[in-house]
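**Student:** As a plain string of letters, each chain reads:
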Amino acid sequence: NAGVTQTPKFHILKIGQSMTLQCTQDMNHNYMYWYRQDPGMGLKLIYYSVGAGITDKGEVPNGYNVSRSTTEDFPLRLELAAPSQTSVYFCASNKDSYEQYFGPGTRLTVT
Amino acid sequence: AQSVTQLGSHVSVSEGALVLLRCNYSSSVPPYLFWYVQYPNQGLQLLLKYTSAATLVKGINGFEAEFKKSETSFHLTKPSAHMSDAAEYFCAVSGGGSTLGRLYFGRGTQLTVWP
Chain G
1 NAGVTQTPKF
11 HILKIGQSMT
21 LQCTQDMNHN
31 YMYWYRQDPG
41 MGLKLIYYSV
51 GAGITDKGEV
61 PNGYNVSRST
71 TEDFPLRLEL
81 AAPSQTSVYF
91 CASNKDSYEQ
101 YFGPGTRLTV
111 T
Chain A
1001 AQSVTQLGSH
1011 VSVSEGALVL
1021 LRCNYSSSVP
1031 PYLFWYVQYP
1041 NQGLQLLLKY
1051 TSAATLVKGI
1061 NGFEAEFKKS
1071 ETSFHLTKPS
1081 AHMSDAAEYF
1091 CAVSGGGSTL
1101 GRLYFGRGTQ
1111 LTVWP
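Residue numbers (our numbering), protein chains in the order written: chain G, 1 to 111; chain A, 1001 to 1115.
The set of hints was computed from the structure by calculation and includes no laboratory data.
Where is the CB? At the ideal position from N, CA and C, for every residue including glycine.
Heads up, a few of these hints could be off.
[Stated by the list, open to error] The list that follows gives simulated cross-link-like pairs (lysine-lysine, DSS-like), each with its CA atoms no further than 30 Å apart:
1) Lys44(G) with Lys1068(A)
2) Lys1069(A) with Lys44(G)
3) Lys1068(A) with Lys1058(A)
[To be verified] Part of the chain A face toward chain G, derived, beta carbon under 8 Å:
4) Ser1028
5) Pro1030
6) Tyr1032
7) Arg1102
8) Phe1105
9) Pro1115
Build the full structure now, drawing on both the sequences and the hints.
**Tutor:** Quick look at the structure:
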């Protein structure tokens, strides 16, 4: 049981480029989440999904897109990357117990 | 709407001293409450959770937290700090209604342990 996995671990992106952060969970969880973490700001919810085919915006969705075609995968797409998107991105999942399980994170720099 | 306030962005203690990290929440529904720990360059790991059973909750690594409804608090304590406790700690409260399943996080408290 690998839990929640994220790729890549690190990435440097040029301004205006696009990329997809991958997230996969093998726990058959129906809920999945994307957060960004900035120093001193805690975790901010970007997007979340309550099941395959269903996604919704969180607190800070601008500049991002998601899709959820399977229970296991929840990729996060950055279009036209901006320096403000430099952050650490965490994917998480849960079922019905509210406890969320986190991946190891992706450290993204936009320069 | 749910929100969490963690008092003190940085806490420093000596090894062997009491650790007290403060968390207050606001919630429109009976809450579930969580403490997570994040070690450098890692993801968040669950320390403990309150899910409306016992108000004193014991977690991993000797940590515990007490749910006090009258004070809307869920402070995290450990009787004797260890160097390995140095990390960032996050308090979180569950959503309800249309935000069921979501967690709302505080800004975090960085714990430093001095030898």
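**Student:** Does each hint fit the structure? Answer for all of them.
**Tutor:** Okay, the hints, checked on the actual structure:
no.	hint	in the structure
1	Lys44(G) with Lys1068(A)	holds, 26 Å
2	Lys1069(A) with Lys44(G)	holds, 26 Å
3	Lys1068(A) with Lys1058(A)	holds, 15 Å
4	Ser1028	violated, 16 Å
5	Pro1030	violated, 12 Å
6	Tyr1032	holds, 5 Å
7	Arg1102	holds, 7 Å
8	Phe1105	holds, 5 Å
9	Pro1115	violated, 25 Å
Hint compliance for this structure: hints 4, 5, 9 are not met, and every other hint is.
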